[in-house]
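Visitor: Fit the two chains together into the complex; they arrive one by one in their own frames, and the hints show the way.
Protein sequences, first through last, are from chains L and Y.
Going by the numbering used here, the first residue of the first sequence is number 1, and it counts up by one from there.
Going by the numbering used here, the first residue of the second sequence is number 1001, and it counts up by one from there.
Calculated from the structure, these hints are not laboratory results.
Even for Gly, the Cβ is constructed at its ideal location relative to N, Cα and C.
Do not rely on the hints blindly, as some may be mistaken.
What the hints assert, rightly or not - Just a sample of chain Y residues kept apart from chain L, beta carbon distances all over 12 Å, derived: (1) G1028; (2) P1029; (3) I1048; (4) T1133; (5) P1206; (6) K1226; (7) K1246; (8) T1260; (9) T1261; (10) D1284; (11) C1286; (12) I1357; (13) E1362; (14) T1368.
As the list claims (entries may be wrong) - Beta-carbon label-pair distances, calculated as ranges: (15) L:G27 <-> Y:D1281: 24 to 34 Å; (16) Y:D1292 <-> L:A77: 20 to 30 Å; (17) L:G27 <-> Y:M1001: 50 to 60 Å; (18) Y:E1362 <-> L:F68: 53 to 63 Å.
Stated by the list, open to error - Anything over 10 Å on all C-beta distances counts as not near chain Y; from chain L, calculated: (19) M1; (20) G51; (21) D78.
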Amino acid sequence: MAVTVKIPAQLRPVVDNNATVSVETGGTVSEVLDALYGQFPDLKDRISENGELRRFVNVYVADEDIRFADGLETAVADGAEVTILPAVAGGC
Amino acid sequence: MAVDALKCKECGTKYPLEALFVCDQCFGPLEVEYDFSNIDVEEAKRTIQTGPQSIWRYSEFLPFTERPKSRLATGLSPLIHAPRLGEYLGGLKNVYVKNEASNPTHSFKDRVVSVAMAKAQELGYEVIACASTGNLANAVAAHAAAAGLDSYVFIPTDLEEQKILATGVYGTELVGVKGNYDDVNRLCTELSAEYDWAFVNINMRPYYSEGSKTLAYEAIEQLGWKVPDRIVSPIASGSLFTKLYKGFNEWIDLGLAEGTTPTFHGAQATGCNPVADAFEDGRDFCKPVKPDTIAKSLAIGNPADGPYALDVARSTGGSIEQVTDDEIRYGIKLLAHTTGVFTETAGGVTVASLKKIAERGEIDPDETVVVYVTGEGLKTLDAARGTFEKYEIEPTVDAFNEFVPTPVTA
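One chain only, chain Y, in its complex shape (with noise of 0.2 Å):
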């Protein structure tokens, strides 16, 4: 295995492979840092075609000496073909959804989880905790309980009712915090500090994040071992934008994939956009902002990676959008109408801001576009409402002729 130590992301410091996430001569971010020089591209290959179905079978690039198991198997969602909504979009003939909401709690985040709790195992935690949107809450209770581990999720008191019921229901400590995701956030800085437990994305998270990479992997594998020629991913704290980035490179670099860098397109919601203002203002750093978008799972005003998504979209030839509230249930619509993939806010965000980038004219039609589409549409149900009518009528042949359209093909 290739795993070879932390390495702090702004001075180079470096740190053995333990529950530290800061550096602590600079403050930089840590990172897990690998050494592929003995690997064989060929073995590999055949090491992760026959590795297990999930994303186990790519562990010798995560942050494990020895292949981890979980009971949760999670990851190798489908990436679905999209000629429909490529059509909208003015005849886009490869456009690809990696619809996430296949994993065991609906979102990418089982994927972060899985690499966080199995490397808070190998350290001996027997207590995992979170500061969450909604989608981490429902992947850290539902893997801890799996586990058989103890729980604490903490979560703004705002959040859809749909992902408190999805989080409480696995018997998880759920604490509910007045204020907003980054108020949240801030008190679990402090608690872990204070508490010997793995926040999986505090102390956990230079291997949590890893967890984003075989999202790259994934569907580099899915299209045939080539890289895309273009993505376009959610924004929030920009770990997994930046991830992504590191998963491909990896590949392309050890000449596992074909293909070049793709470009790379972040999106934020309106509401909740300090990255994508930096892009815009051509700012390196972020101007924390208070969250107000129907796009919760998305609403960090503080982004902790904002300046690697930033160099990531720039040094790529891409862009970070933002697209409003409205925008983002009309980008749920247009998914749900053209692929048939139900996809929460976030989704919503995305889609939306491929949408932007496609009138804009800067796809050409035969490139190849992975969409990731990170959540599902059940967990934030009240997006939808309003968006689409509804017939009411007796039960009676008459009343359907009256009132309900028939399609013109009839």
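So here's chain L without its partners, still in its complex pose (with noise of 0.2 Å):
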């Protein structure tokens, strides 16, 4: 089972400066997100802490907020679009 995950250029450092990375399982958005910290373990502390997402992080799953479904518990299809994003846009 295949996800895509999108990465914010903020991150691409640390995804050895990929845009799109590929993670080889599904499941739940928390799964995704464990796979792609031991491909990479230097995202891990840059977007979470004590196991939750920080407060300026927002992830979408086919393009929609997972904080208007299950938050990390959220249910990625195979073939699925993870998005991470900076919260910090926009607004007036």
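Guide: Quick look at the structure:
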């Protein structure tokens, strides 16, 4: 089962400068991220703290914010796209 | 000039003054840091008072080493004493309306865009872009046209027609995105990594947001270098709200302004209330929502500065209010009837929130209250439709006498 993870510019240096990374796992966002941390150990502290995502990190599965679904337990289907983005953007 | 560096608001890591907006280490927002230790207060005052009739009179407190120029002068909007509004709210004597409709594109967004554009030009960018709920779209398109720069403006497709027309007219590349503002924002965040453009509210965001501080400086200057006791401001992402706080405190700390930090009230629509809900629930984080409100300029379901806005409201003893669409329409009408100022829906949210706070009896009649009316009513005309009666008569005196009530005093 393969999932594509889109990496924001700020994190590309810790994932060998890739804009997307393919992960051979699935199930939940949590499992996808763990697989990603396994490949790129430096990524973990950048976006997570005490097992939770840092508060200025947004994660989307198939373009939907995971906070509208089940957070880190949101299901990720085979072939789905997971997007990590900084939350600090936009606004008035 | 006092500008020093960019600094992460979460972990404190410092960065050079470049097109950066997120901390590499923890993803926290970057903010402009200043070193005001060499500022002579009397001299700073004189520089401001003899400066240009625009926000650039405050350039010493903005992220520049030289005073920028822009072709569309922004700022110095009127601070209107509103005794009739105060009277309606139970006898408040010192309510002031800061009317931002007087800016070049009729909203406070001219301030943030002026600052972001000046910085973008300094950094050598040739294309300006933004994700917008409408007012920002107007401002980016206009200021880019005036400066002769190419611009790309991304908006949700369902924006008010007035805001779409008042953007396209400036000759920008206008892109309607099928989704809500948060979808537009996500797309632009991704595009900002692909294109070497200055997205004013993404990679220019630390500079852009500093422009909002001028709304605090101006209120202080217009009140005779005094800080108001209380302010009411709309909240979308929370950026304006938190930068007002920064602006007031910078001048209080320097001794440029007389007084203490105002009580801060934020205003949201019930149909897009992530910050107000978090305030009511006692949470220090916001749960994103899918917006459904007539206050489209405030329809940000995923507010970037939400946690900081909560801190500001709580630490100043203020609040974050939420009002329904009907209350918003009433707020627009109340402001128009009592002050002669016609505001867009965001101003309706703010005035309706002020009414709620006043009705709770929290405001002393002698307090100075500044209400930030951030945009122009002509941009959201639908909100005024059906809120008043209109007589249609034959062109005869008899018809007039028959159908139109005459004033009691006549």
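Visitor: Does each hint fit the structure? Answer for all of them.
Guide: Going through the hints against the structure:
{"no.": "1", "hint": "G1028", "result": "5 Å, violated"}
{"no.": "2", "hint": "P1029", "result": "4 Å, violated"}
{"no.": "3", "hint": "I1048", "result": "26 Å, holds"}
{"no.": "4", "hint": "T1133", "result": "7 Å, violated"}
{"no.": "5", "hint": "P1206", "result": "9 Å, violated"}
{"no.": "6", "hint": "K1226", "result": "27 Å, holds"}
{"no.": "7", "hint": "K1246", "result": "15 Å, holds"}
{"no.": "8", "hint": "T1260", "result": "27 Å, holds"}
{"no.": "9", "hint": "T1261", "result": "22 Å, holds"}
{"no.": "10", "hint": "D1284", "result": "9 Å, violated"}
{"no.": "11", "hint": "C1286", "result": "10 Å, violated"}
{"no.": "12", "hint": "I1357", "result": "21 Å, holds"}
{"no.": "13", "hint": "E1362", "result": "25 Å, holds"}
{"no.": "14", "hint": "T1368", "result": "25 Å, holds"}
{"no.": "15", "hint": "L:G27 <-> Y:D1281: 24 to 34 Å", "result": "31 Å, holds"}
{"no.": "16", "hint": "Y:D1292 <-> L:A77: 20 to 30 Å", "result": "28 Å, holds"}
{"no.": "17", "hint": "L:G27 <-> Y:M1001: 50 to 60 Å", "result": "54 Å, holds"}
{"no.": "18", "hint": "Y:E1362 <-> L:F68: 53 to 63 Å", "result": "35 Å, violated"}
{"no.": "19", "hint": "M1", "result": "25 Å, holds"}
{"no.": "20", "hint": "G51", "result": "16 Å, holds"}
{"no.": "21", "hint": "D78", "result": "23 Å, holds"}
This entry does not satisfy hints 1, 2, 4, 5, 10, 11, 18, going by the numbered hints stated previously.
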